Amino acid sequence: AQSVTQPDIHITVSEGASLELRCNYSYGATPYLFWYVQSPGQGLQLLLKYFSGDTLVQGIKGFEAEFKRSQSSFNLRKPSVHWSDAAEYFCAVAPYSSASKIIFGSGTRLSIRP
Amino acid sequence: DVKVTQSSRYLVKRTGEKVFLECVQDMDHENMFWYRQDPGLGLRLIYFSYDVKMKEKGDIPEGYSVSREKKERFSLILESASTNQTSMYLCASSLGTSGTVEQYFGPGTRLTVT
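Sequence order for the protein chains is A and B. Take the first sequence: its position 108, counting from 1, is numbered 112 in the numbering used here, and each next residue is one higher. Take the second sequence: its position 12, counting from 1, is numbered 1344 in the numbering used here, and each next residue is one higher.
None of these hints come from the bench; they were simulated from the model. Quick caveat, the model's predicted, so the values are computed rather than measured.
In silico DSSO-like pairs for lysine-lysine, Cα to Cα no more than 27 Å straight-line: (1) B/Lys1335 x A/Lys53; (2) A/Lys105 x B/Lys1402; (3) B/Lys1345 x B/Lys1389.
All chains should be built: construct the whole structure from the sequences, respecting the hints.
As structure tokens, this is what we get:
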């Protein structure tokens, strides 16, 4: 069965520091890959997506993610975080065979230290 | 920009009441989804619809039903609300064609059943 693993439940980084959030997926072929962000009490907002092509994907708010097929990973990065980046981040996959349905990871909560 | 709206941000209902949660999208999307989100459990798919009057069960459909009479509107119905249905409910939509499977979310409805 397809699955998405976000191994870090909660991460705290200092404002201005770099950030990397980990995501691993389990699927036989390359799926569609996504990162979403959820601010407290809000819905999810799409940060970026990977379908094919260049394995380094740029998103909104200065985020990027790199697809590594050999590691089945799709880690999210930002070179310098801002206090407004504090939120919960979800990695998600949609298998090509059932692309209408997205499977979400359990989320990583990001806190920013002033 | 895609806009997904949900009828209420906060709702308090009594056990046994019939509850309607409504969702409207303005981008002519084919697919619409209802999720519930609970701490530690992530997002779980309740139902989704890939066309008017068409629906498919998700991972946790028990205790819920849905209605899609118009393309832009997808309703979630709790026939007899119970306290274990206290949760955040998120609606989403997607275009549904190949390469455009990303989902766009509404702001969520926080439902409390007392």
